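Trainee: Chains as they are written, first to last, in numbering that gives the first Met the number 0: chain Z, 0 to 452; chain E, 0 to 452; chain P, 0 to 482; chain H, 0 to 482.
Treat the hints with caution; some may be incorrect.
[Stated by the list, open to error] Subject to a maximum C-alpha distance of 27 Å in a straight line, what follows is the list of computed DSS-like cross-link-like pairs (lysine-lysine):
id	chain 1	residue 1	chain 2	residue 2
1	E	Lys308	P	Lys190
2	E	Lys275	E	Lys142
3	P	Lys205	E	Lys308
Simulated from the structure, these hints should not be mistaken for lab results. Just so you know, these numbers come straight off a predicted model, no measurement behind them.
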Amino acid sequence: MLRLIGVESIADLFKNIPPDLRLDRPLAVPGALNEIDLSRHMVELAAKNRSADDAPCFLGGGSYDHFIPAVVDAIGGRSEFYTAYTPYQAEASQGSLQAFYEFQTMICQLTGLDVSNASLYEGGSSVAEAVLMAMTVTGRTGKVVIAESVHPEYRKTLETYLANLVPRVETLPTPHGFLDPDDAKKAIDDTTACVVVQHPNFFGCLEEVEALAALAKAKGALFVVSFDPISVGILKRPGQYGADIAVAEGQCLGNPMAYGGPYLGLLACREPFVRKIPGRLVGQTVDRHGKRCWVLTMQTREQHIRREKATSNICTNQGLFALRAAVYLAAVGPQGLKETAELCTRKAHYAAQELTKLPGVKLRFDRPYFKEFTLAMPKPVPALLSRILGRKFHAGLPLGQWYPALAACVSVAVTEKRSREEIDGLVAAYEVELGASGHRHDLLSKPGERLLA
Amino acid sequence: MLRLIGVESIADLFKNIPPDLRLDRPLAVPGALNEIDLSRHMVELAAKNRSADDAPCFLGGGSYDHFIPAVVDAIGGRSEFYTAYTPYQAEASQGSLQAFYEFQTMICQLTGLDVSNASLYEGGSSVAEAVLMAMTVTGRTGKVVIAESVHPEYRKTLETYLANLVPRVETLPTPHGFLDPDDAKKAIDDTTACVVVQHPNFFGCLEEVEALAALAKAKGALFVVSFDPISVGILKRPGQYGADIAVAEGQCLGNPMAYGGPYLGLLACREPFVRKIPGRLVGQTVDRHGKRCWVLTMQTREQHIRREKATSNICTNQGLFALRAAVYLAAVGPQGLKETAELCTRKAHYAAQELTKLPGVKLRFDRPYFKEFTLAMPKPVPALLSRILGRKFHAGLPLGQWYPALAACVSVAVTEKRSREEIDGLVAAYEVELGASGHRHDLLSKPGERLLA
Amino acid sequence: MDKNQSTELLFEMSHPGRRAHLLPQCDVPVPPAAELLPPDALADAPPPLPGVSEIDLIRHFTNLSTRNMSIDTNFYPLGSCTMKYNPKRHERMAALPGLANLHPLQSDESCQGMLEMLWDMQNILAEIAGLDAVSLQPAAGAQGELAALLVAAAYFRHKKEARTRVLIPDSAHGTNPASAALAGFDTVSIKSNARGLVDLADLQSKLDDRTAVFMITNPNTLGLFDDQIATITGLLHKQGALVYLDGANMNAILGITRPGDFGIDMMHYNVHKTFTGPHGAGGPGSGPIAVRKPLIPFLPAPLVAKTENGFHLDYDRPLSIGRVRSFFANVGILLRGYCYIRTLGPKGLRDVSENAVLNANYLLSRLKAEFDVPHGDRCMHEFVASARNLRKERKISAMDIAKRLLDFGYHAPTVYFPLVVPEALMIEPTETESKETLDAFADALIKIKGEDPQFLHDAPHTLMLSRPDEVKAAKEPVLRWKP
Amino acid sequence: MDKNQSTELLFEMSHPGRRAHLLPQCDVPVPPAAELLPPDALADAPPPLPGVSEIDLIRHFTNLSTRNMSIDTNFYPLGSCTMKYNPKRHERMAALPGLANLHPLQSDESCQGMLEMLWDMQNILAEIAGLDAVSLQPAAGAQGELAALLVAAAYFRHKKEARTRVLIPDSAHGTNPASAALAGFDTVSIKSNARGLVDLADLQSKLDDRTAVFMITNPNTLGLFDDQIATITGLLHKQGALVYLDGANMNAILGITRPGDFGIDMMHYNVHKTFTGPHGAGGPGSGPIAVRKPLIPFLPAPLVAKTENGFHLDYDRPLSIGRVRSFFANVGILLRGYCYIRTLGPKGLRDVSENAVLNANYLLSRLKAEFDVPHGDRCMHEFVASARNLRKERKISAMDIAKRLLDFGYHAPTVYFPLVVPEALMIEPTETESKETLDAFADALIKIKGEDPQFLHDAPHTLMLSRPDEVKAAKEPVLRWKP
Ligand SMILES: Cc1ncc(COP(=O)(O)O)c(C=O)c1O
Ligand SMILES: Cc1ncc(COP(=O)(O)O)c(C=O)c1O
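Turn these sequences into a full structure, and let the hints steer you where they fit.
Mentor: Given below as structure tokens:
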């Protein structure tokens, strides 16, 4: 090969790099591992973690231990999908393109809105993208109103995205676990680009979405909702209660928790905003023989054409996870989604009912909730949770890290995957670690002990 | 559908089954489980086993914990392979057919013989098939001579297959861990269809294959060898030392131990016997446009054509595992197979060297061995092994179950996957449980304790 | 998207030194193997396997895979093979390290979960059979046949009865006579009658005290339930002989009728057919056998047994025939079968058969006006059409139709089997296919029937090859690549 | 074998009541959800998702998959995308439950292994960059750009310098200006000179104290290493501005030269390119950023920190810009990158770049006599050919060539990018392809060049479709199926 190129050595190929800029030593990275040793190393790393398989997971806050049907992994494992690039060449990418078109359609079905893009990164930046979109749509740059009950990391992301742009982010407190429409009403004005809520919110509580939608509309602001895709198995869909843009974290749709990513940002909106939508869009067309097919479309919105005037800077998105979500949604179908939501609701309510029987444990908010809820604890929270982890339960999230006023509170999430036995075990673990005397101790393994050695 | 069929109910479709023969109750099998509950149930069953992932596996005897490269699972997981049937329709099965042709070629390369079939069930019945084939080839029905150092379950299988046929099975003792050619010489006569040995044998020891081949040949008997496919990375191939038929257990070629199956029977032979070979054969040909392609061939040997006169009754064989073996062999290549064999040899010898330093522990046979070896123990074997299992080592096979004379012996196998640390841990566990005082205790976890709780 | 469709072999793309898998350095302080083993045992060089890089290996086999039809990509109505959908959850469960990474000879105490599953499976299969005990050992249907016939032989030997013959209907699968011969029996063929069932007269004429076993397939290979079965088993039993069921067609009768209840003494299952072991392009299978009480002592060993101390492998079976393979069984396939049965439960199992029979009858009804179906207008889970008239009138053979179907994206039915039907097209849709798929398939068959004969002889037209020369393949066999 | 090649949509095959996944019965004694939640929050019916059976679902998506080209099936020389082989062992490792089933908010004590890996990855990426600290947070390259530019903005704000402009070469990727705008900067385009490098005069003319950042891609999108880099970074630094590296092309320089060593202050990686995150038909990616010491306080939080008590997430970063996403990062892609880097080691990483550059130069040498390659006859890991002459002389466009390549089983190169080359064909073979593949690809390109123009306009000819009407798609958008 070198001969044909006309050089003596590979080094000659790098002669454009000024010698004084070259690295004159090997990189200080660990030595090469063969597959056997790499596998051993990774298994050892994995063994230093306590996964949801080792300890039933009652953590929520935007990532949930929902069940992933095997069909999702089977299709997600097809290497023609996962080793393809963004479907730029339509003829060589109909598999992905059709799947994404189906994904877009199902996201429309899920949201009750008209248009969905082909994915964004994850739930947090999707909120930011929705707000940026609302700013363009409304032409308003005064402020963005957001409820404090929106995921704290989503709010932080929004603030970061907007740091150097004109609009101000106004965060409305939610001391009772939801945004009071009266408070919202006071905040929304003619310069407000949008009102952002999460429903069910970070505490698991339902928001007054219909009232809030009306308030936003009345002032010409868009109503942006971050929703839980599982919840719409029983709850109204964003389009049904007046959302203009719906965004969501799609992890729950067949994607592993994976310590936080890759996940899947969903974004759907009403028809008139379609040319302002960020990210990829797949559209249907015909080929030169008139055959139905699909292509990436409306690319003039995007960075590779529009550059600094693009609707977003996003390029690589989350194709594989959009595919997985499409498989998940098609696998569960309407009835399965409904049953999943139903099971989450009932199991969460059962867990809340049993946990609040423990002395000193109370529901912090008097609001209807979906699959997670906030408990006030009679003992210091982080230490309590750490001790219960010793009993092999991921027992809940300490809320103090985000809400100092809720330092005594724990958020507990329950999915359809949690059995009654696991919930009862959790309650027993709380009981013991709260020092309450009860009858549930026999449900427990001793701290540090495996169920099966 | 019923209307078109012209019946009122599904029950009408079963009216040919006499009513008194019908089952008038539901089957007494457990109730239906959905996917979540099934998964939980299977995970619970799995947790009641101590797998090679939980305790380093030093067990051999025909099934080995070799490393399975990820590429093997990736290709074995392609559903076009695993959900296809036997490639009867060549046009719709070129994927499998070409892969099996490549498999056959690689088995020829591995054995140094001329022809390989497309797989048999596993190592034991492959020995029986080889013997049946030898009977047809030689036309001899007097006896079959087999060494006691052949896998006891293979010998049992052979005896079972031959139970109602004419030839007698003569088993030659191997008190020194191998078949003494002098003993063989006495046994082989003009009525002997074949001589069967395993090399390396069940004890891991090498046989005097060249001498035995010559003895068989001298009497017109075929020389049948059951070999270890990994061993030929460094050892001579069956064709090189005069085997007429080579058979093997192909589990070691990229297939999981899976509590004994499915595995992969290999069978290769010299060219002149090709029309007597059992099982499927894939051959190369051309299609009507002259294009190279592959088909199942020489089917007139087989049961679906020849019925009671077929060379074997085999129909379904082990297609998927032949594919996996082909991927494995192509992945490791000549050099990788050599290195694997080399590592097995050295690690086994290291383990033997260290274990025999323990008081009272001795190599039982004074023979060269490949990846497993036989130790005489100073303490009752089953209890010893059970205690070491408590320290999380599958420490060896108790030989007394098959060889009463070896009731005090343990067979230990070491693959390339075992690290020095694991071997040292095994030695330490033996040391402690043999009650020897030593310095290795710190290498050990306490009995019953997980390395990581 | 495998546009090259190259048939390049691994060997042709091999380059010395390329490899797809690297091994560790040796970490133990012992000399190289060459110093540990006798020189005359060592090869000069390793086997001349191909050397390929990882990307080329993966691309090669991935592209090869797309040249197969398979259940996951195509309707695959291969009669007698029960090509039903194989649920993906089974693959996930079978891969659990606590199930996949068990050594077959590890101690019983260390694999109680596995033994529990296998013990359950023994009982479940006995219940579905209506028989008394099950050996899970045989690796496939054919090996089940062999094992059961060896059991029969041992049984009669034990009873000191010299019975040398196995009677087999002419419609039976080839493995039946092959297994009988291998078990040391003489085989006697029994005719089918006009209805496609056992010709009772022929059976009676051949039945005597030399008869050890009558092997029946019921529903038989024509897809018909032999309603004479009680008479047949009665006749055999009166002669002191046993009746064996080839259980390949159990998919039609799960929970509806049980072999034991209709007089069967022994049978095999094809777990890879009835209970969704993926067929793997020709295996692995699993062929457990179920028997009546008097035969239990002769079953292959070990069986799984249960005591108050848990489960163990019971080798203490002095009358056992021995074993037909090493190790316990094709556990990986049994495990999938177990998952399947546990997913379905009693009602679900019955639904399987009801829907399999419904689908087959629907397809039969769609086709019977257009194609000759010699044996009646009802069937169980499959039926056999014949192209004999098409052949006579328009020189269109069963093979022509089979090949042309491939162009439509359908795998062909089984052809030229059973042997009792000329130009047979044996169609088994299975319960997992939808009505739309059946309709589209029927439409295709009807369309094909009207096509130009020469066009059909040349089919398929859209695949990467057409009509390989099988005669050449058999006459001048090329069974391996050579440098 | 997907012979139907039907474009039936899931929705068109949907039947009410069909489903592919069953859920458990409710096992807790609480009333139905309708009694637990306020009626006005509840929907009348669940979303109108399709209802399909499991077999139809699997067949649908399995068949769809075969309508893609992909690295595993085809050579995929898509310039700027680094479509190298993605080792299968990474997929296996990423699926380990102890890594895949971790909740992002579980306590640090319960995921020490994960934190260790991420901490290592921070350090390794810093070392490869020659920079001082790394945030793994950004989800892809574009988000890395945004995050880094926000860091720059915060840095200057902290220093109380009002710098409003980001300078970007005209050959840059579209995400650069888009990210700069999103970060609140004005963008200024810098011309390329005749050599395809930064036009220093233009740069100097636009550089002033309003300049916050110069974003450079080096090697640039023409596949050229800008040998003026020291001068450039010197100029910028003298103005008090920062230099950002778009690290999309890191594959060319691993272990050979380090951005920090050639004056870069901040950069992003595309782990999904350089370090083999499978591209997933458009993501996920992972876009960590590396920065010089003064910028560390402004990095997004959290970072992984190590103390004698082990690893923890460090949120205590008062000057941090905040975060650009929820949760830690695209850990699944980082994990694959980690496996990759650990497999290669120092020498292996350098080999990657050497071989990537060798392969690209080999292909360039094979093609440069036949195709117009505007920018020289040497390249780094990729090069950009132009069809401008072909277009002028024979009306053959870059798109024609791209489409025709599909017929040969090759994915097309990147076309019409970078914008500075008319009729661009941007070819990046990567190091994982063999010489044989490169030769066959070169042969195909040379053959295509000589083909009939109309034949090329109509290409591809052998795929299931050809030349979709993109204008129609954009003008009359149909973005979802409707009943
Ligand atoms: C009717 C019948 N009997 C027996 C068999 C043999 O079963 P197996 O292929 O599992 O050995 C088959 C399968 O092809 C069959 O269809
Ligand atoms: C040169 C260059 N810069 C930036 C990007 C953006 O990276 P990502 O797609 O990961 O957001 C790309 C990828 O397309 C690229 O090629």
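Trainee: Each hint: holds or not?
Mentor: Consistency of the hints with the structure:
{"no.": "1", "hint": "Lys308/E with Lys190/P", "verdict": "holds (19 Å)"}
{"no.": "2", "hint": "Lys275/E with Lys142/E", "verdict": "holds (19 Å)"}
{"no.": "3", "hint": "Lys205/P with Lys308/E", "verdict": "holds (21 Å)"}
In this structure, every one of the numbered hints holds.
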